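Enquirer: Based on the sequences and whatever the hints tell you, model everything.
In terms of the numbering used here, the sequence shown opens at residue 175 and continues consecutively.
It is worth saying that the hints were derived from the structure and are not from the lab.
Please read these numbers as outputs of a predicted model, since none were measured by experiment.
Any given hint could turn out to be false.
[As the list claims (entries may be wrong)] Between beta-carbon pairs, the in silico distance windows are:
hint	residue 1	residue 2	range
1	GLU313	GLU291	17 to 23 Å
2	ALA351	ASP288	37 to 43 Å
3	THR354	VAL202	18 to 24 Å
4	HIS241	PHE284	33 to 39 Å
5	GLU305	ALA178	16 to 22 Å
6	ALA266	GLY306	19 to 25 Å
7	GLU263	ILE352	23 to 29 Å
8	GLY267	THR360	30 to 36 Å
9	TYR310	LEU359	33 to 39 Å
Heads up, the beta-carbon is just placed ideally off N, CA and C, and yes, glycines get one too.
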Amino acid sequence: MPEAVKILVAGGFGAGKSTLVAAVSEIVPFHTEEILTRSGIGVDDLAGVERKGTTTVAMDFGRVTIHNRLALFLFGTPGQDRFWFMWDELAAGALCAVVLADTRRLASSFPAVDYFERRGLPFVVAVNCFEGARTYPTETVRAALSLGPQVPVLLCDARVRESAKEILIHAVEHVLAIETRRSALT
Numbered sequence: 175m176p177e178a179v180k181i182l183v184a185g186g187f188g189a190g191k192s193t194l195v196a197a198v199s200e201i202v203p204f205h206t207e208e209i210l211t212r213s214g215i216g217v218d219d220l221a222g223v224e225r226k227g228t229t230t231v232a233m234d235f236g237r238v239t240i241h242n243r244l245a246l247f248l249f250g251t252p253g254q255d256r257f258w259f260m261w262d263e264l265a266a267g268a269l270c271a272v273v274l275a276d277t278r279r280l281a282s283s284f285p286a287v288d289y290f291e292r293r294g295l296p297f298v299v300a301v302n303c304f305e306g307a308r309t310y311p312t313e314t315v316r317a318a319l320s321l322g323p324q325v326p327v328l329l330c331d332a333r334v335r336e337s338a339k340e341i342l343i344h345a346v347e348h349v350l351a352i353e354t355r356r357s358a359l360t
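Expert: Structure representation (structure tokens):
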């Protein structure tokens, strides 16, 4: 039986969190998607994602086995600030996080970055390369998000299983590198 590790997939509204979980999950993913309604007008910022018709209201869940000794349990967070109260519950026991960023709405990544920095939870930033969106070098995204050199910034396509899997592998390797450095200091 592989060891189970919990990873959060966080980011702004419409960044592709549910898409990433669905693309990589080896089980039918669990989604708490609801249709956007008129009650969200003036509350939900749809700039840049005008065609989005649903939103995650609690979480997404999926599982992927990296190899016979490691299974990743993926918990996708809701992106809208009115659902952020769920993040503390979802973050409990997590090894690390993936902050999915959308360069069309990069400012929506700041709350997730701030959340993980304040809690000391290791994270990587995965820039979701949306079709038709301008692609920026990772160092430009790093500077825009005020990230230090210790935070990996990677490009991905959340729709593609192998791309999503590579991001998750990088996240686990990032945690292992942090732990190796800590062990070397003691």
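Enquirer: Against which earlier hints does the structure fall short, listed by number upward?
Expert: When the structure is compared with the hints, numbers 2, 3, 5, 6, 8 turn out to be violated.
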